[in-house]
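In case you want the letters, here they are:
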Amino acid sequence: MGDALTELDARELSDAVRRGETSATAIVQAHHRAMDRGADLHAWLCRTDDAALAHAARIDDARDRGGPLGRLAGVPIGLKDLFVTRGIPTTAGSRILSGWIPPYQGEHARRVDDADMVLLGKLSLDEFAMGSSNENVVGEPVRNPWARDRVAGGSSGGAAAAVAAGMIPVALGSDTGGSIRQPAACCGVVGLKPTYGRVTRSGMIAFASSLDQAGPITRSVRDAAAVLEILAGRSDGDSTCVDAPVPDFVAACERGAKGLRIGVHRRSLDADGLDDDVRARFLEALALLCDRGATLVDIELPHAALGIATYYVLCAAEAASNLARYDGVRYGARVAAASVEASIEASRSAGFGPEVRRRILLGTFVLRAESYEAYYGRAARVRRLVADDHAQAFAHCDVIATPTAPQPAFRLGERNADPLAMYLGDIFTVGANLAGLPAISIPCGFTRPDRTPRLPIGLQLVGPAWREDAVLAAAAAHEDGSAWHRERPPIAADETSPASEPST
Amino acid sequence: MRVPYESVIGLEVHCQLETRSKLFSPCPLEIGAAPNTRTDAYTWGLPGTLPVLNRAAVDAAIALALATGCTVHRRSRFARKHYFYPDLPKGYQITQADEPYATAGHVEIPGFTTAEGDPWRVRLQRIHLEEDAGKNVHAGRRSGVDYNRAGAPLVEIVSEPDLRTAEQAAAYMRELRTLVRALGISQANMEEGTLRCDANVSLRPVGTETLGVRCEIKNVNSFRFLARAIEAEIRRQTDMLGHGETITRCTLGYDHEHDRLFVMRSKEDAADYRYMPDPDLPPLHIDDAWVDAVRERLPELPAARRDRWRGLGVAADDAAALAAERDLADYFDGVLRTAGESRARRAAGWVLTELLGRLAGAPIAACPVTPAMLGELVVLVEDGTVSGRSAKDVLALCWAGEGSPAAIVEARGLRQVSDTGPIDALVAEVLAEHPRQLEALRAGKTNLEGFFVGQIMKRSRGQANPKLVAERLALAIAAGTVGEEGA
Amino acid sequence: MTGLDVDDLEALARLARLTVAEEDRATLLRQLGEIVGYLDALAAVEVDGVAPWEPSAPGAAPLREDLAAEALPVEPVLAGAPAAADGLVLVPRFVES
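Chains as they are written, first to last, in our numbering: chain A, 127 to 630; chain B, 159 to 645; chain C, 616 to 712.
Hints may be right or wrong, so weigh each one.
[What the hints assert, rightly or not] Covered stretches of chain C (chain A as the covering partner; in silico rule of three or more C-beta atoms under 8 Å from a C-beta of chain A): (1) 656-670; (2) 691-705.
[Said to hold, decoys possible] Part of the chain C face toward chain B, derived, beta carbon under 7 Å: (3) Ala641; (4) Arg645; (5) Glu649; (6) Glu680; (7) Leu687; (8) Arg708.
For the record, the hints were derived by calculation from the structure and aren't laboratory data. Ideal Cβ positions, reconstructed from N, Cα and C, are used throughout, including at glycine.
Let's have the full structure, built from the sequences with the hints guiding it.
Encoded structure:
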């Protein structure tokens with residue numbers, strides 16, 4: 127094996143473990159070193175090194191005895207700290223959950239464990255997944271591995287940065303309005319948001335229940351497909367999760383682009399604030415897919431411009447509701463006070479950061495009896511129109527292509543004083559959440575050479591409901607015709623050759 | 159001159175459904191368990207947990223809707239009602255708001271009729287499903303919370319303001335309790351909190367239709383206190399109106415120790431619950447097949463039972479008493495199966511007087527006498543095989559486990575004597591032994607007949623048929639020769 | 616409606632059980648005002664006769680059978696509570712309302 131273990135993707139790693147070419151222990155150790163080297167990215171909130179090594183040893187032992195191995199045995203994984211892990215602190219990036227050790231295992235953690243993936247720790251996020259820059263944090267904001275003065279995107283910023291920096295080949299993120307896809311684009315990796323209901327939400331801390339979906343962040347489309355197969359399927363703990371057989375998503379990646387009809391909403395490309403490089407790389411990506419047999423179809427999405435307003439009404443309302451349980455009574459951080467009422471208010475005021483407080487107030491506003499119909503009621507109806515727009519567009523195309531974000535990663539601190547400007551960055555991603563559709567962001571190039579720093583740019587592909595296969599097929603066709611996904615930020619190089627590593 | 163007012167009362171009744179697990183999670187449910195030993199991650203409101211609806215709770219809710227003549231909606235949905243309180247784990251309660259599963263039913267209250275003599279009918283506005291909160295426990299300077307009850311399945315039954323008196327309100331509550339127990343869907347125990355009630359009370363001048371300003375009495379925990387609290391509120395509002403004061407909307411608590419109401423909340427701090435559809439729960443679809451399946455399993459309802467028994471000659475009060483508890487009603491029907499429906503009236507008396515008297519408040523399940531045994535005894539009494547007096551002894555022996563009534567009668571020789579021969583012999587004996595009394599009787603002191611009957615019965619050890627004894631005695635006295643013959 | 620005033624902000628904060636510090640008030644009002652102003656774009660959309668969106672997961676099992684699982688052991692759960700004694704979660708004494 128010539129490549130460093132941190133260069134391999136998930137399926138290559140588990141194949142190597144299965145064949146005895148390397149051990150889970152060696153893989154975990156290599157990734158631990160990458161985590162050490164990239165500590166200045168602040169991607170991790172919690173590392174579980176000892177447990178990971180013990181787990182790796184069990185996998186190696188099972189392999190040596192010829193015992194059964196899980197689907198992605200020995201593959202390191204990190205979970206956004208929104209996923210509940212029994213016995214391991216789970217904070218949602220919030221002070222209000224500081225000190226909480228879950229007494230139950232979340233379903234995502236259980237499923238990756240069943241696949242014999244090795245948990246290396248919990249990844250940083252914007253508090254309760256609210257944000258697009260991973261700056262809404264208790265400690266340090268996550269830095270972009272391609273440029274330390276840039277954001278990693280959010281809210282799954284820690285996950286995208288860690289995958290980009292070679293600390294893990296796979297992370298689980300959550301996507302409510304773009305929180306998997308936008309950081310994936312900012313960090314030059316693959317991020318997949320499945321159809322709403324494809325993956326359980328049981329064991330994932332809720333931000334906005336009707337929009338949240340868990341999904342993988344990886345360095346290759348086929349890895350994303352493999353991890354989706356592990357995550358997807360019936361769940362006893364979630365009434366909104368589909369009970370249907372899980373398709374062979376990895377096989378779908380081999381379909382190619384021949385005959386693929388790609389819908390393009392031209393009007394959205396004229397919007398103010400769309401970066402020239404983002405537009406140029408997007409058009410190049412379309413050209414690449416056309417070279418491989420795809421055709422372009424112009425589509426209309428008449429309510430696309432209302433997406434952000436609709437999204438922020440709904441997500442704020444649901445967030446205000448979902449975060450009502452954090453009162454410092456049963457778990458988490460409590461601020462003592464003379465009365466229980468005062469204690470609840472003090473705990474919440476001290477426990478939530480500014481953006482979370484802002485959204486709770488906004489959500490409370492749109493749910494108030496006197497404004498409910500004008501805001502929440504109306505947004506729920508406009509959401510139907512947005513979903514209908516997409517359904518109509520898919521009568522003429524197989525996938526819809528857009529840039530993932532209007533701009534490459536912006537500077538840390540740049541948008542902190544202007545929440546609305548931050549929200550407007552979600553323009554291309556919220557549609558898939560509102561309509562409940564599967565969508566992927568894949569690397570499609572970088573800013574032009576005369577711009578510094580050199581920053582990755584993402585292509586988004588959105589599919590019809592339950593058609594992750596179509597999204598993955600198109601994304602894999604692009605990946606097969608390009609090398610962008612092989613680009614690594616400087617940090618990822620592992621000086622230690624795996625061949626010379628002692629296996630301890 | 160004082161305007162006469164009438165009180166207008168509507169009740170919101172919460173009833174805990176008896177299921178194995180909670181409404182939205184597979185958490186075990188048990189009343190009276192040690193604090194916080196019946197919780198799970200969902201009950202606790204832990205992050206990452208989601209609700210999944212319990213089918214059995216919906217079954218029970220449909221049964222109640224059918225039993226009260228409600229329309230069961232094919233589609234209903236759950237909403238979140240937000241408020242902060244230590245016993246509310248998620249900061250919201252999952253309930254049904256604008257789309258309840260059942261609307262527009264009615265309940266008839268036994269013992270109350272309209273001026274026209276029709277049964278008093280209380281219309282139900284709606285019934286909906288919701289989850290319960292935990293329980294706050296106060297001691298010393300601190301309060302504690304027990305979440306065992308949090309997430310328990312409740313139905314809330316909302317009546318129209320069709321009740322006019324405190325007694326009616328209490329009777330309505332009793333009827334609801336009878337009904338849900340008959341359906342087997344709830345223990346409906348007010349003291350244990352599995353049946354709870356809030357009462358809305360307003361006054362209006364007699365003869366008017368417009369509703370007055372209402373006040374809500376919260377959480378009364380017995381039928382007696384419910385009636386007293388409503389009476390107290392009617393007095394309070396009557397006094398206020400009598401003094402020319404205006405009633406303002408408020409929420410009241412009832413202090414049963416001092417029989418007085420206290421204001422908990424006034425209208426100014428009316429809550430904004432920020433209702434929203436619960437995004438974690440898809441709409442609840444109840445199709446006709448589901449409703450039909452529940453309908454097929456419905457037991458005979460208390461009102462139908464009462465009507466049937468009254469048709470067999472059972473007095474109205476007796477029928478109501480027998481139907482009040484499902485176990486008792488089932489027992490009585492068991493007695494009828496052996497005794498036969500023609501003996502329903504006497505059977506009712508035996509169950510209500512002799513059996514319940516012996517049980518002295520214990521549940522019918524504890525009764526060692528089976529319905530078949532009691533039915534057999536009723537037959538023995540009705541056909542004259544045993545006397546009423548002996549029958550009580552037979553019941554006692556049966557209770558003590560001596561066997562079936564027929565077997566006891568045979569074994570102990572308690573068969574009632576209905577042959578004239580032995581009875582005439584006893585009549586002769588007794589008359590001969592009491593010549594002075596016989597003289598007096600013949601002289602017109604007819605009340606001495608009872609004395610002689612008693613003496614004869616005593617001598618027969620209760621086994622002589624008293625009717626026959628009286629007949630033979632009268633004949634003997636009239637003949638005037640009995641004494642000489644027997645001497 | 617657009618424009619939130621201080622009273623609105625106070626009312627929202629009270630409902631949400633959040634304290635808005637005096638020094639944060641002006642900034643928060645401005646930010647929320649801008650956001651709400653942006654959201655007002657929804658008022659222009661024709662939504663008469665449009666049903667609210669609802670998730671539809673084909674084959675999703677929204678109901679479960681009435682089976683009780685094991686309860687959580689009380690000790691570890693209470694160990695995570697900020698204050699507990701005698702099996703109860705403790706809070707400062709309060710009057711029921």
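Hints, one by one, checked against the model:
1. 656-670: With 10 residues close enough to chain A, the hint holds.
2. 691-705: holds (count 7)
3. Ala641: This interface hint is violated because 25 Å lies over the 7 Å limit.
4. Arg645: Violated - the Cβ of Arg645(C) stays beyond 7 Å from chain B, reaching only about 24 Å at its closest.
5. Glu649: Violated - the Cβ of Glu649(C) stays beyond 7 Å from chain B, reaching only about 23 Å at its closest.
6. Glu680: Holds. Min distance 6 Å.
7. Leu687: 5 Å, holds
8. Arg708: 5 Å, holds
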